[in-house]
Amino acid sequence: MEFKMTETQKIQKLILYIANEVIRICDKNNIPYNITAGTLLGAVRHKGFIPWDDDFDFAMTRNDYERFLKACKKDLNTDIFFLQTAETDRNFAYSMAKLQLLGTEIIEDFSIGVDIHHGIFVDIFPYDKLPDGELKRKIFLKKNHLLKTMLWIKCGYGVKEHSGRIGYKFLHFLGRFVTIEKLKKKVYVHITKYDNTDTNDCFTSDYPDEKMEEKWLVNSAEYPFEGHNYKGFRDYDEYLSSLYGDYMTLPPENERETHTNAKVDYGQYDKWFEE
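In my numbering, the protein residues as written are 1184 to 1458.
What the hints contain is simulated information worked out from the structure, not anything from laboratory work. Every value quoted in this text rests on a predicted model; they were computed, and no experiment measured them. There could be a bad hint or two in this list.
[Said to hold, decoys possible] Computed spacing ranges between beta-carbons, pair by pair:
#1 1325 to 1426: 34 to 42 Å
#2 1439 to 1253: 36 to 44 Å
#3 1328 to 1438: 37 to 45 Å
#4 1412 to 1249: 23 to 31 Å
#5 1420 to 1326: 31 to 39 Å
#6 1452 to 1359: 14 to 22 Å
#7 1187 to 1371: 13 to 21 Å
#8 1398 to 1316: 15 to 23 Å
#9 1296 to 1317: 36 to 44 Å
#10 1339 to 1434: 29 to 37 Å
#11 1339 to 1319: 17 to 25 Å
Using N, Cα and C, we set each Cβ at its ideal position, and we do this for glycine too.
Model the full structure from these sequences, guided by the hints.
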């Protein structure tokens, strides 16, 4: 019987190709990286992708992330890949980077109509320091949320879903008095405010509820992943337990969620799936 790849498997094949470009650049420039979140869970539990998962996540310290962006300017194969950041794509509202495969397209439901590059991608998350003290941290995260929400609105994300809400209308009104560029600068200055302190807890601005300990970011081990060996957190059990609880137990089938995409186009890479 002829085997036919699912859409998830097709995306997985392409993002593995993209991920290897990230790792090539990191290895060439001695830049530490870690696979994280569901990617690390997949490595530990499945020695590869979670079967129903269609993304790939990297985590870096802020300093290593900035080194990676700089290395891409000289080493990235720009005939094949596009590094999407707040600087390279005006309406891109994230604080992390996406390495995209040129000639492909994937439009996630929440980014329909947003004027950005929509190539199939992997995520590279920079982690910044959180302030110590419960009140100071709460205020810091609240400001991050407000600034990021204003930026998302300004760039056109999720406009139709939230346009009737009072909070949305107020932030939309405030956004009229500041440019996208100034908002991005405000976000960057805010999220990096404590990076030179000796606090232990870190966060990534786009997913602030997922806290990270600095010791996880700076101590790595190798894990098998789809026939490759990738670096991930050495303290994987502590990290995965904090994020997923009993992470080695498979969730019920009705809870095995994948991303919802409005459109996927593999372009010239469609022929890769004919083998």
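Hint check results:
Restraint check, residue 1325 to residue 1426: a C-beta distance of roughly 22 Å breaks the suggested window 34 to 42 Å. Between residue 1439 and residue 1253 the CB atoms are about 38 Å apart, so this pair conforms to the stated range of 36 to 44 Å. About 27 Å separates the C-beta atoms of residue 1328 and residue 1438, a value inconsistent with the hinted range of 37 to 45 Å. Range check, residue 1412 to residue 1249: Cβ separation about 26 Å, and the 23 to 31 Å hint holds.
Restraint check, residue 1420 to residue 1326: a C-beta distance of roughly 33 Å satisfies the suggested window 31 to 39 Å. Separation of residue 1452 from residue 1359 is about 41 Å and departs from the stated range, judged on CB atoms against 14 to 22 Å. About 45 Å separates the C-beta atoms of residue 1187 and residue 1371, a value inconsistent with the hinted range of 13 to 21 Å. Our hint of 15 to 23 Å for residue 1398 and residue 1316 holds, since their Cβ atoms are close to 20 Å apart.
For residue 1296 and residue 1317, the Cβ-Cβ distance of about 39 Å falls inside the hinted range of 36 to 44 Å, so the restraint holds. Separation of residue 1339 from residue 1434 is about 33 Å and conforms to the stated range, judged on CB atoms against 29 to 37 Å. Taking 17 to 25 Å as the suggested C-beta distance range, the pair residue 1339 and residue 1319 does not conform, at roughly 33 Å.
The structure fails hints 1, 3, 6, 7 and 11 (numbered hints given earlier, in ascending order).
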